[in-house]
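Here are the chains, one letter per residue:
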Amino acid sequence: MFQIKSLKRVQPALALEILSWLIILSAIIFVRATPYRENLDPVDFNLLVGGVLGFLALLYYLLWRKLSQTKRLYLLNIAQVVVIGLLFLFVKEMGPYFFSLFLIPIVTTALTLEALPSILLVALACFFVALETVLAPQINIFGLFQFGLIILVTIFCRFLALALKEERQKTIQAELRAKELEETERVSREFITLTSHQLLTPLSIIRSFASLFKSGDLGRLNERQQEAMNQIHANSVRMVHLVEELLTVSRLEEGKLPFYPKQEDLVALVENVVASFKQKTEEKGLYLRFKKPAVKKIVVNIDPGKIENVLFNFLDNAVKYTQKGGIVVELKIEETPKRQEAVCSVTDTGVGIPPEYLDRCFQPFLRGPNILELDKKGVGLGLFVARLFVEKQGGRVGVESKLNQGSTFYFSLPILHIDKEEK
Amino acid sequence: MSDKPNVLIVDDEEGVLAMYKIKLEMEGFSVFTALDGQTALEMISKNKPDVILLDIIMPKLNGFDILKILKSDKETANIPVFLLTNLPQESGGEKGKELGAAGYLVKADYEPAVLAGMIKEVIKRPAS
Chain A
1 MFQIKSLKRV QPALALEILS WLIILSAIIF VRATPYRENL DPVDFNLLVG GVLGFLALLY
61 YLLWRKLSQT KRLYLLNIAQ VVVIGLLFLF VKEMGPYFFS LFLIPIVTTA LTLEALPSIL
121 LVALACFFVA LETVLAPQIN IFGLFQFGLI ILVTIFCRFL ALALKEERQK TIQAELRAKE
181 LEETERVSRE FITLTSHQLL TPLSIIRSFA SLFKSGDLGR LNERQQEAMN QIHANSVRMV
241 HLVEELLTVS RLEEGKLPFY PKQEDLVALV ENVVASFKQK TEEKGLYLRF KKPAVKKIVV
301 NIDPGKIENV LFNFLDNAVK YTQKGGIVVE LKIEETPKRQ EAVCSVTDTG VGIPPEYLDR
361 CFQPFLRGPN ILELDKKGVG LGLFVARLFV EKQGGRVGVE SKLNQGSTFY FSLPILHIDK
421 EEK
Chain B
1 MSDKPNVLIV DDEEGVLAMY KIKLEMEGFS VFTALDGQTA LEMISKNKPD VILLDIIMPK
61 LNGFDILKIL KSDKETANIP VFLLTNLPQE SGGEKGKELG AAGYLVKADY EPAVLAGMIK
121 EVIKRPAS
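Going down the list, the sequences are from chains A and B.
Count the first sequence with our numbering and you get residues 1 to 423, in order.
Count the second sequence with our numbering and you get residues 1 to 128, in order.
Next up, chain A with everything else stripped away, as it sits in the complex (with noise of 0.2 Å):
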């Protein structure tokens, strides 16, 4: 990670390099390279350019493997000085005029490289400025000002680059940080798996062991004996419960549940849970019906055993909270400018849930006061698993409820077609 981000830093940096290269060459070309020093021929000037350039291309070649991203750079911006150096002390059209050459290779120091590099580019500058005023006595004030204000420039480039990094090294820390944090949720994650198929091997076995009990294959119990044994399995079954859910939330999260989508008649599977429910809610006394589409068929594309699952978990919590009364199941069209839907709600006239938890219903291991109060089963988990299960087929879910006169609970699915035809 830290080698790509250096990388990241100096690519710019080496274009620059190479557009700096470009500006020193046309520049070159630009004023035709014809020397001031009278003993020198404009071809040995040219060939002695040429041949300076040349020995550096060289130099390149052979060290560029050795050294560093840094180090390359850093050798760049010195030949830079070194020829920009050159050409003021030979070539007469390139006066003090243009000392603002030395800013390139100096302010790409500055801006990527460490203080020291940078000083010593800008002495190695100086030492060619001083040789310039030497030899060419013409130099003017207006030269000078220029390079003091190359001096101001790598100055202020320093405080740039030391500001740039503070927000660069930030950065690298809160992306660590994010990270660790993706690491330790992976680890949990990995965690929670891991135990729940650990804990769900001897609870099997428990529960399994309390059936025979509490069944009387192991012998008849007295009553006391026999409502113990009634409690240890019914507390065995909802850890069972518990932990497959924990199990199911997990993968899910992970993404290691696998869907299985098939076209399928959501009617049919509707009718198919709510029949299942007949029993459980005759046993307690209430009503429950089902209010059929006016279509024979709802083609959805899903998962059939993961939608029985939304809603034998709507039906089983309607049941749990509903004292008298009874529940209504609808199966039914919708029409959204996008796209035709299949909504599917189960109404019952239970206790209901107060407003300030109402949006909460489907988040994980939350359950309202009143519910709490009524029923300490259910982990909380139930209704997570089913707005996942809808959410990864393409749908949505949520909750309509008024407190003490019954709660709403629906999930929609996008319909691929509906068969017309009356029953």
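Derived from the structure by calculation, the hints contain no laboratory data.
The beta-carbon is built from N, C-alpha and C at its ideal position, and this holds for glycine as well.
You may find that some hints are simply not true.
Capping the alpha-carbon separation at 20 Å, the derived lysine to aspartate or glutamate pairs in DMTMM-like fashion look like this [what the hints assert, rightly or not]:
1) A:214 x B:111
2) A:214 x B:65
3) A:280 x A:308
4) B:120 x A:217
5) B:95 x A:217
Which bits of chain A does chain B cover? Going by a derived footprint, with three or more residues having C-beta under 8 Å, they are [unchecked claim]:
6) 195-206
7) 213-225
Listed next, with one range per pair, are the computed distances between beta-carbon atoms [said to hold, decoys possible]:
8) A:276 x B:65: 32 to 42 Å
9) B:98 x A:259: 18 to 28 Å
10) B:75 x A:253: 40 to 50 Å
11) A:216 x B:97: 27 to 37 Å
12) B:71 x A:391: 32 to 42 Å
13) B:98 x A:215: 29 to 39 Å
Knowing the structure of chain A, use the given hints to seat chain B on it.
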């Protein structure tokens, strides 16, 4: 004794073995148990069981491996095998079916009485 159907249960959890042994013996089966795959294969070659309940996650030889070995041998290919596991249906059901298992039971989902009923059903099938 000999008219009782033989059931072999293979599981590395002693608790699971004990529990199913009690229930299935009460249901009129003669029950053998093995804690690992190797022992199970030896027992099967000596005394052919009528039904095998096979745990999937076991050290050394896992349930799928044992099932493959059983199905590749003419002698044992016809024995109905139930895979018994804590893995939820979707992670092994398809593979079990492919390998020729008679059923795939999630331990946490089945009460012993239900399991006993299912075994009786499978044993009855070839006779009827």
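Now for the hints, and whether the structure bears them out:
no.	hint	in the structure
1	A:214 x B:111	12 Å, holds
2	A:214 x B:65	36 Å, violated
3	A:280 x A:308	17 Å, holds
4	B:120 x A:217	17 Å, holds
5	B:95 x A:217	35 Å, violated
6	195-206	holds (count 7)
7	213-225	holds (count 3)
8	A:276 x B:65: 32 to 42 Å	37 Å, holds
9	B:98 x A:259: 18 to 28 Å	20 Å, holds
10	B:75 x A:253: 40 to 50 Å	46 Å, holds
11	A:216 x B:97: 27 to 37 Å	35 Å, holds
12	B:71 x A:391: 32 to 42 Å	40 Å, holds
13	B:98 x A:215: 29 to 39 Å	35 Å, holds
Going through the hint list in order, the structure does not satisfy hints 2 and 5.
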